[in-house]
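Trainee: Residues per chain, in single letters:
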Amino acid sequence: MSDTVILFEDEGYRTFLPLVYSRPICDLRCGMFTLRERVAALLGRQPAAICRAHLASVFGAGRWPLTLLRESTPITLVNSRALNVDWLPRLLEEPVNTLYIADAGPGVLAGAVLLGARLSPGLASAVLLYLMEQQSERALAELRRFARVVEVEARLLTFPWDLISANGEQITRDVRLLATNGAWATAAEQPPTGAGLVIHAPERVYLHANARLDGPLVLDARDGPILIDAAQIEPFSFIQGPAFVGAGSLISSARLRPETTIGPVCRIGGEVEACIVQGHSNKHHDGFLGHSYLGEWVNIGAMTTNSDLKNTYGTIRLVLEGFGQVDSGVLKLGCFLADHVKLGIGVHLNGGAVIGTGSNIFGVHFAPKTIPPFTWGGEVFREYRIDSMIDVARKVMSRRKIALTESQETLLREVFALTRGSRAEMVAGPPLRMQADAEAALARAEAEAVRAFEPVAPG
Amino acid sequence: MHPILKRLSSLVYLARPLALAFLGILMLSLGFAYFFILFYRTIALPEIFQYLTLQFLPRWARGLVFVTAGLVVLLAGIWKLSGVVVIPLNARPGGLDELVLGYRSEVVSPYIAVLSGGAGMLILATLGRYAARLTCITPAQDPVEYYYRASSLFNVQNVYYVAPTPLPLQIEVELDTGVRCNIKQNISHDEQLAARHVTNIMLAPAPDAAPLEVTRLTLDALTSADAIILGPGSLFESILPNLLIPQVREAIKQSKGPKIYICNLMTEPGLTTGFSVADHIRQIVRYGGFAPDYVLINAQRIEPEVRQIYEAAHQMVVYLTPEEYEETIVSATGQMTAREVIVEGAVVIEADLASAVVQLSASLNHPGESRTVRVLRHDPDKLAGAIQEILRRE
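Chains A and B are the protein sequences, given in the same order.
Heads up, the final residue of the first sequence is numbered 459 in my numbering, and it's a clean run with no missing numbers.
Heads up, the final residue of the second sequence is numbered 394 in my numbering, and it's a clean run with no missing numbers.
FYI, nobody ran anything at the bench for these hints, they're computed from the structure.
Everything numeric in this text was worked out from a predicted model, so none of it was measured.
Positions of the beta carbon are idealized from the N, C-alpha and C atoms, including for glycine.
Any given hint could turn out to be false.
Examples of chain B residues lying across from chain A (beta carbon under 8 angstroms, computed) [as the list claims (entries may be wrong)]:
hint, residue
1, Val144
2, Ser152
3, Tyr160
4, Pro168
Produce the complete structure using the sequences and hints provided.
Mentor: If you want it as structure tokens, here you go:
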């Protein structure tokens, strides 16, 4: 029997808040895949995951994952912040009780960090509890006593902007995972039919058998591969590689600039550059989105635009929860929108804007740079009532024929409770009366949101 | 009468505030009475007030009616209050889990370490419901995954199994005949060894002579435990092997929590044949270097039919013999109804810990033939209750 592969979260998850309040790091997309999907594609089987308690029922192996150690086969641990896992096949060949460590780089952890390990069930039982509590440093200290240590050159995601900066390269690397999948072929091998298809470097354009290209459109893979899953590309779209479009997505006459990942079941319009859209999210209309990350079930209204470059050409700063203002060190950085964020029409976001899970922002020209999870409003912000937020989430998901499960609802309620402190400084008391134009903006935003989630027309 | 007093006793924390409230109500009543008198004498009231204020009765009768009615209402209020203020959180006999005006009478979710093995470890997993964490340290010779596999069949919570060493150790025992064998040789199933018992247990030397290293989680669980439970399970197969590890012994000594040993119900053929309760405790003292603070033994009467089945399998009830008593003590709290004696420095508590269960038994020689037999097993809920009782008194 093969090893039990377990993805674990370490202390480094904290720098990814609020993006990871409602999902573990291994389920953040970078390149074509999330880490969980990448490991599954590599090994041909689903890995297990252990994550923070409130996420465990939805994303992990349950709150008390005893079943993970029930087999006598070795346990292989993989750090959820690992970007690329080309070292994993090598680890799976190592003798039992071998440890891979990597340089932690900047961030929460210093020195070496636990990258992966192949352990006997006995030794795994000595550290699983630490890993269930995201105490990888304690686990590493313990494993060093019993296991053979191998230093490995591997990149770990440390800050949210790493997702953006690594995305293009990772799309290129992920191409090889398609080699065994017979449903894919390059445009050179099987040229797509249809009028007005302009394809540069067709040998680097990978198309799923069910991908639908409606010309006229341009696919330019000269600077990197383009991968289009069973998605629909509408006329007048322009896609530059490296880029990936997930299954069930609709590209509506959009310009996808290089280093862009669109996850499954998204609707994308306007101009998108170097962005990651996790999946099931909409940015259907005009407006620019650059160097940004969008979580799941995000909706962006028409003409909402973000800045990704300062007029001073200085590095972008952003506020990380628990760390204060941090200089990203990069010139181009857009916004980070966590799961279930909704933005109305015409909202402008600064570079480095971070909006927490479930927030609903509308009727405001320039949104604040940092908005806590479950915030409602525009001119005036207040706490979003969790029952209302869940009603909206249920409505939005049902339009994609997906039910909000009881455990997902519990997760959202727990995130709401966990993040209550971050909303403590919001304006107390009754919200100010909105101006007439703000009311009109709200009505437009709501109508826009409803239109955006209309199902994709068949055929 | 006792249940009524017991219920009302839950208001002991409220006696002073209730008395104060009563005094306040009394003074308010007097104040209102003066106002009423004033109204009577200065304002002409409609005739109906004559009836409402019982003026058709003599004054002493009016007073009696109001005092009686007031007393009934007051008693009803106190009775209702006693049912509302004490909130049973997890109703069980003994009333351990009650919330009295925000004061939690139960021991707050303890961290418990368990040295046990086999089915006994799984029986004790029930205790995980009442613990912040139950860290079960598996026997040194057993693969830890067996326990995870078995426990995944049940919905256990807060239970964690950890191996004391990353790789299983080899444990050997010496029988009273001088024969040495590995503990994993299923000695208790060998008919020819049934009448024998173990005289010595030891770690087999490691092939690479590497120093014995113990997992940090094992040592942390033991040193920081609010209680360490040894058993239920085979003395030589489940409990003593881990006590052969010096670091484990040291960690147990450092722990400030009580050490509770759950003694076997029956002797084990080939291992503890002829052992009394004191013999079991002596083995723990001998190999662990400590006497348990408490020893739980079963006080339930065993039916002759069940006893005969065990005797046929060379098993006897583990007796507490009177000559082994050192001292009889009286429980300080008065809440324990069980008899308590000290044996080998450990407080022995006799309590109802077992239940007879019907078990399907099959023979290896005749696998097609199976029969049901009544056997005695430690009862998970009774054990959990007894252990909680001990933790409450600590």
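Trainee: Could you run down the list of hints and mark each one as holding or not?
Mentor: Hints and how they fare:
1. For B/Val144, the interface hint holds, the least distance from its beta-carbon to any beta-carbon of chain A being 5 angstroms, beneath 8 angstroms.
2. Given the 8 angstroms rule on beta carbons, the hint for B/Ser152 holds: about 4 angstroms separates it from the nearest Cβ of chain A.
3. Evaluation of the B/Tyr160 hint against chain A yields a held restraint, the C-beta minimum of about 6 angstroms falling below 8 angstroms.
4. A cut of 8 angstroms between beta carbons decides the hint on B/Pro168: the least distance to chain A is about 7 angstroms, and the hint holds.
Of the numbered hints stated above, none is contradicted by the structure.
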